[in-house]
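Chemist: Below are the chains, spelled out letter by letter.
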Amino acid sequence: MTASPLLSAFRSSLSEAWASGAGLLLPLGFFAGTATMVPFTLGSEAELLSRVGPGILWLALALSSMVTLERVFQADLQDGALDLWLQDSGSISLIAAIKTLTHWLVSGFPLVLLTPLIGFMLGVPSEKMIPAMLGYAMGGLVFFLWGGVAAALSASVSRAGLLIALIALPLYVPALIFGVQMVENGLDSPSFLFLAACTLFALGVAPAAMGAALRLAAE
Amino acid sequence: MLSYLANPLRFMRFSRLAVPICFALGIVMVGWSLYNGLLVVPPDERQGGDLMRAMFTHVPSAWLCMGLYAALAGASFVWYIWRHELADVAARAIAPIGAGYTALCFITGSIWGQKGWGAGWHNLILGDSRLMSVLVLFFLFLGYMALRAALETRQKAARAAAILAMVGIVNVPIIKVSVDMWQTTTIHQPSSVISIGSPEPREEGSGMNPIYLQQLLWGFGGHTLLAAAMVMMLMRSEVYTQQGDRLLARKLEGA
Amino acid sequence: MSNAPLLHGDGLGAVRGERVLFRDVSVTANAGELILLRGANGSGKTTLLRQLAGLSQAQAGTIERAGLHHWIGHTNGLKAHETPRSHLRHWARVWGSARDVDIILKEIGLQRPANVPCRMLSAGQKRRTALARLALEDRKLWLLDEPFNALDTDGQDLLAARIKVHRAAGGAVIAALHGASPIEADREVTL
Chain A
1 MTASPLLSAF
11 RSSLSEAWAS
21 GAGLLLPLGF
31 FAGTATMVPF
41 TLGSEAELLS
51 RVGPGILWLA
61 LALSSMVTLE
71 RVFQADLQDG
81 ALDLWLQDSG
91 SISLIAAIKT
101 LTHWLVSGFP
111 LVLLTPLIGF
121 MLGVPSEKMI
131 PAMLGYAMGG
141 LVFFLWGGVA
151 AALSASVSRA
161 GLLIALIALP
171 LYVPALIFGV
181 QMVENGLDSP
191 SFLFLAACTL
201 FALGVAPAAM
211 GAALRLAAE
Chain B
1001 MLSYLANPLR
1011 FMRFSRLAVP
1021 ICFALGIVMV
1031 GWSLYNGLLV
1041 VPPDERQGGD
1051 LMRAMFTHVP
1061 SAWLCMGLYA
1071 ALAGASFVWY
1081 IWRHELADVA
1091 ARAIAPIGAG
1101 YTALCFITGS
1111 IWGQKGWGAG
1121 WHNLILGDSR
1131 LMSVLVLFFL
1141 FLGYMALRAA
1151 LETRQKAARA
1161 AAILAMVGIV
1171 NVPIIKVSVD
1181 MWQTTTIHQP
1191 SSVISIGSPE
1201 PREEGSGMNP
1211 IYLQQLLWGF
1221 GGHTLLAAAM
1231 VMMLMRSEVY
1241 TQQGDRLLAR
1251 KLEGA
Chain C
2001 MSNAPLLHGD
2011 GLGAVRGERV
2021 LFRDVSVTAN
2031 AGELILLRGA
2041 NGSGKTTLLR
2051 QLAGLSQAQA
2061 GTIERAGLHH
2071 WIGHTNGLKA
2081 HETPRSHLRH
2091 WARVWGSARD
2101 VDIILKEIGL
2111 QRPANVPCRM
2121 LSAGQKRRTA
2131 LARLALEDRK
2141 LWLLDEPFNA
2151 LDTDGQDLLA
2161 ARIKVHRAAG
2171 GAVIAALHGA
2181 SPIEADREVT
2191 L
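Here the protein sequences line up with chains A, B and C, keeping their order.
Mapping of the first sequence onto the working numbering: position 19 corresponds to residue 19, and the numbering continues sequentially without gaps.
Mapping of the second sequence onto the working numbering: position 144 corresponds to residue 1144, and the numbering continues sequentially without gaps.
Mapping of the third sequence onto the working numbering: position 10 corresponds to residue 2010, and the numbering continues sequentially without gaps.
Errors might be hidden in some of the hints.
Lysine to any residue pairs mimicking SDA-like chemistry, simulated, CA-CA at most 25 Å apart [to be verified]: (1) K1251/B to T2046/C; (2) K2140/C to A2031/C; (3) K1176/B to N185/A; (4) K1156/B to G2042/C; (5) K1156/B to L94/A; (6) K1176/B to G204/A; (7) K2140/C to S189/A; (8) K1156/B to L200/A; (9) K2140/C to R2119/C; (10) K2106/C to R2093/C; (11) K1176/B to E219/A; (12) K1156/B to D2024/C; (13) K1251/B to A2060/C; (14) K2164/C to E2146/C; (15) K1176/B to K1251/B; (16) K1176/B to L200/A; (17) K1156/B to H2074/C; (18) K2106/C to T2046/C; (19) K1251/B to L2191/C; (20) K1176/B to S44/A; (21) K1176/B to A165/A; (22) K1156/B to W85/A; (23) K2140/C to Q2057/C; (24) K1176/B to V52/A; (25) K1176/B to I56/A; (26) K1176/B to S189/A; (27) K1156/B to A2058/C; (28) K1156/B to V112/A; (29) K1156/B to S2043/C; (30) K1156/B to Q2057/C; (31) K2106/C to E2146/C; (32) K1176/B to L187/A; (33) K1251/B to Q1155/B; (34) K1251/B to E2146/C; (35) K1251/B to R2038/C; (36) K2140/C to G80/A.
Keep in mind the hints are simulated off the structure, nothing from the lab.
Please build the complete structure, drawing on both the sequences and the hints.
Modeler: Printed below as a string of structure tokens:
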């Protein structure tokens, strides 16, 4: 398979994400809104905020991955585009991976860009900013990949949101733990390596599972 | 043995005898371990006095919830590769039993730890890495069952659930490692059952009193037999349900 | 030209839940042939066609395909944000086709709404967009699910003419159809 189908899949799902209102503004608003809620719920005590702030953002990232992924494959199934992708056999895993990565780019990656701003607001010390950004980027990838597996498995289920959450949450646990630890302990801690390993593992395994699940969904 | 039983007819014949036998043996063994564990053996003050008696349910169920998830993944794998219908029936039957044992393990663990480790209930759940792993396992079982229930036909449910179980089992070790790293200060004692046979002299308090170990082994055996009996019973009911559905479909078609 | 059939399915069967949809169905499509799949609602026409296309697993039997095929399902495969032009461009890129999309659009009568997002198009216009994919790349075998649905008489004539040309060029068509066929079929498979 040459690169051009992958490139067109990327372009197509990018414009799909854009057209369906999941443009850049939506996730930015979501993350900023979540961050703003934190002081309201926990009080504005500076020390507390700087400690729990990064963790709350991890939750926001996990939530946004599940919310945005619900429609990714469901729409393809309903409008028949999935059937077309399946015609050229063997490529569906790659296409699925491209689609989830596009959604990560559109609704997960903005958090990385927003981290310095939100972090500043929550009083996260500046030396933790780089680990936090790297952590959100890698952890977000893991979330979107496993979330993509859950979404592909429940593509033929209407109103699959809760089901996706139930399936995906246990799979989020490692990235969540390693990610939070990495922000805590910095880049030279083993947590960083563990998180990187998690990301690579998800990149290796999740696309195959998504492909198998999508073949099944099309039946 | 397994491939011999892959034939549904043979399985039905085998399980008709095996279910009552496993049930009877299992109940006797669990009952014996509970009787001794709850009433006979002396309480161990270091491990929470009378509360440590929860151990005789807790430890066997901990072994079973891991074992049952592995069995679930194994059955799913067999079904996915070879399409043995019975493997799917087995996977389907294992899920609720496994979820039950994870719940049992979690509950007994909480009871045991309530006083024994000097921690409040809340601290225990959120503070103990092994119990948290069990909790995650519980959600894996739950997600598996929810996915099966949500898909409209048996064939679809079987395929999707098999994919999920295989994705789950490759993630279980990672989850375990991560949860262990998250809370290195586990209030769990190190696994003491294994160390019983170690020949070198142990410091006081490590290793396990043979009286306890004996009851634990009865518990292991009994719960394993009970779980096997329950799984086979659910499998039998599933086979009958499928036969019934087939008849019903044929009848509706004819009408 | 070899005599091997473009598609040969043998002893096919389908089960949904515990319900047997059909069993022991065989379909062969040779070059130049039009095969119609017939049957009442719920008899499994679409399921059989999807099995032939490799979209559903056949629960029994074997299927051999000689090469790639075009698939037009009962859903059109259009995304809401796509226009007929962007849809065809997209699949032309995926398939590596160098055909001129504008000529294809003109021939199928979609010149005017070529840049209108699909969510604003009529059912017939969407169907035409899907059928326009057939012209993007030469594939010997067409698998069509109710291809005449939603088309006006103009469109039906257009499609019938396309099918005729395709068969004359050595292609084969397998179509699931519930209504009367505007074209004479070589064979019918009744479920």
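Chemist: State for each hint whether it applies.
Modeler: Results for each hint:
no. : hint               : verdict
1   : K1251/B to T2046/C : holds (24 Å)
2   : K2140/C to A2031/C : holds (8 Å)
3   : K1176/B to N185/A  : holds (20 Å)
4   : K1156/B to G2042/C : holds (18 Å)
5   : K1156/B to L94/A   : holds (22 Å)
6   : K1176/B to G204/A  : holds (20 Å)
7   : K2140/C to S189/A  : violated (59 Å)
8   : K1156/B to L200/A  : violated (29 Å)
9   : K2140/C to R2119/C : violated (31 Å)
10  : K2106/C to R2093/C : holds (19 Å)
11  : K1176/B to E219/A  : violated (35 Å)
12  : K1156/B to D2024/C : holds (22 Å)
13  : K1251/B to A2060/C : holds (23 Å)
14  : K2164/C to E2146/C : holds (17 Å)
15  : K1176/B to K1251/B : violated (50 Å)
16  : K1176/B to L200/A  : holds (18 Å)
17  : K1156/B to H2074/C : holds (21 Å)
18  : K2106/C to T2046/C : violated (30 Å)
19  : K1251/B to L2191/C : holds (19 Å)
20  : K1176/B to S44/A   : violated (35 Å)
21  : K1176/B to A165/A  : holds (20 Å)
22  : K1156/B to W85/A   : holds (20 Å)
23  : K2140/C to Q2057/C : holds (22 Å)
24  : K1176/B to V52/A   : holds (24 Å)
25  : K1176/B to I56/A   : holds (23 Å)
26  : K1176/B to S189/A  : holds (19 Å)
27  : K1156/B to A2058/C : holds (13 Å)
28  : K1156/B to V112/A  : violated (38 Å)
29  : K1156/B to S2043/C : holds (19 Å)
30  : K1156/B to Q2057/C : holds (11 Å)
31  : K2106/C to E2146/C : holds (23 Å)
32  : K1176/B to L187/A  : holds (22 Å)
33  : K1251/B to Q1155/B : holds (21 Å)
34  : K1251/B to E2146/C : violated (30 Å)
35  : K1251/B to R2038/C : holds (24 Å)
36  : K2140/C to G80/A   : holds (22 Å)
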